[in-house]
Amino acid sequence: MTGVKRVPIGLKAGAGAFAVLAVTAAVTGCATRGPAPEPVPGLTAFTNVNVLPMTSDAVLPGQTVVVRDGVIAAAGPATEVDVPRGATVIDGDGRYLMPGLAEMHAHVPPGANPPREDVEDILFLYVANGITTIRGMLGSAYQIPLADELERGDVLGPNFYVGAPSLNGNTARTPDAAEALIRAHVEAGYDLQKIHPGVPRAAWDRMAAVAEEVGLTFGGHVPQDVGLVHAIETGMSTVDHLDGYIQAIASDDVQAQVNAGTISLGGLARGVDDARLAEIVQLTIDHGVYVVPTMYLWENLYGAPDADRFLQQPEMKYVSPQTRDSWRRRAGSGREGADVYLALRERVLKELSNAGAGILMGTDSPQLFNVPGFALHRELAVMSEAGMSNYEILKSGTATVGEYVASHLELDGNFGTIAPGQRADLVLLGSNPLDDLGNLVDRVGVMVRGRWVSRAEIDAGLEALSEKHSG
1 MTGVKRVPIG LKAGAGAFAV LAVTAAVTGC ATRGPAPEPV PGLTAFTNVN
51 VLPMTSDAVL PGQTVVVRDG VIAAAGPATE VDVPRGATVI DGDGRYLMPG
101 LAEMHAHVPP GANPPREDVE DILFLYVANG ITTIRGMLGS AYQIPLADEL
151 ERGDVLGPNF YVGAPSLNGN TARTPDAAEA LIRAHVEAGY DLQKIHPGVP
201 RAAWDRMAAV AEEVGLTFGG HVPQDVGLVH AIETGMSTVD HLDGYIQAIA
251 SDDVQAQVNA GTISLGGLAR GVDDARLAEI VQLTIDHGVY VVPTMYLWEN
301 LYGAPDADRF LQQPEMKYVS PQTRDSWRRR AGSGREGADV YLALRERVLK
351 ELSNAGAGIL MGTDSPQLFN VPGFALHREL AVMSEAGMSN YEILKSGTAT
401 VGEYVASHLE LDGNFGTIAP GQRADLVLLG SNPLDDLGNL VDRVGVMVRG
451 RWVSRAEIDA GLEALSEKHS G
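When we follow my numbering, the leftmost residue of the sequence shown carries the number 1, and every step to the right adds one.
Please keep in mind that the hints were generated in silico from the structure rather than gathered at the bench.
Some hints here could point you the wrong way.
[As the list claims (entries may be wrong)] Straight-line C-alpha distance at most 20 Å; calculated SDA-like pairs for lysine to any residue:
1) Lys317 x Gly215
2) Lys468 x Leu156
3) Lys317 x Ala460
4) Lys468 x Pro145
5) Lys317 x Ala307
6) Lys350 x Gly387
Work the whole structure out from these sequences, hints included.
Structure, rendered in structure tokens:
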């Protein structure tokens, strides 16, 4: 691999493994009696807690989880894992500890130098909602050092994997232009390449070849000239929005109408070839492609959202009046056949999930009526309506994300589960989200890279944002 791809500080694959093992060995049996010791910075213990490890759908009762310097140092039954001297103890009795969630189609303010306060507000909204990892899908140069600031703990916010500025029909019209952008973006240190529509097939093929050469994965939209099958076969790592799936599973007759531009949305959705659907699902799995469905946004874009009702949602008070007004103006009246189309999207998602394809939760916030952080919980409800189990949905924002980061970003994927050596991104809940996804809002607090953010701190930050945007 060439270039200077950004490698998160302290998260290079394999880094610190010996140290983690040493800490784990030292934790057991290290509690001692005597005067209360001074708190040790970076040392926290969750005691007598129910753990959702996300390596399975099990709930492990009566656990102690010890965090040291941003990493889980020990996790196991309270009878086997002692609380170290100097640890800050968080009582987990009757509570549930799970890995933090991920927003895999996020947007942080674009541009060369957006107002810092606006950037930090959005980052806070993610953490406030239990989101400890985001994948930015439209990057700017300032976001690369911002990701490092987040990792050092200089700024409160989630772990940030930074997508490069878009390759699209304007920026990558020719193979040479596509190659130049890929080489520039890997040299700049971006973690992945974002794709938008309009890239011609010849430019795509050069882009894919060069991206493989330099080790920069790519994902996003599927350009019409490329098509889903060719995109998958040439190395696309994530297909966002289920882009291209409906067209790819259509019958030959419907495909001809699509190419001629003579078919309605409902006609497209009714023209499913079941055998083709099965083939596309298997192709997705065979090539290790992940899907970021953004179901809730598509309901807003293609349905007929009642702007007045949406703007009464409680989370709307955390975005600016200008944003709310913009969303009101953009709210459409719906498209003919949208109900059939949206139902088919749910079917495709369920078929992918049932077959074992990698699903990653994401919302594309702050798009239409999607408040950063809060939108993810609305997304999970639509994933549930599509037929995914609560465990499958939670896994799409935890363990599966770590797998994607390791396999496609080629960065340390040691997060998304609760086990020694994993990054300490955690959410403590008052009730079990495996029973009801709505319990994800019953947050006692959130931990990001070992930093504990209490419910009181979250509520104070949200109140400040509400007051800021009350005009």
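Hints, verified against the model:
1. Lys317 x Gly215: 42 Å, violated
2. Lys468 x Leu156: Between Lys468 and Leu156 the Cα gap is close to 19 Å, so the pair holds against 20 Å.
3. Lys317 x Ala460: Holds, at roughly 14 Å.
4. Lys468 x Pro145: Measuring from Cα to Cα gives roughly 27 Å; hence the hint is violated.
5. Lys317 x Ala307: 15 Å, holds
6. Lys350 x Gly387: 6 Å, holds
The structure shown violates the earlier hints numbered 1 and 4.
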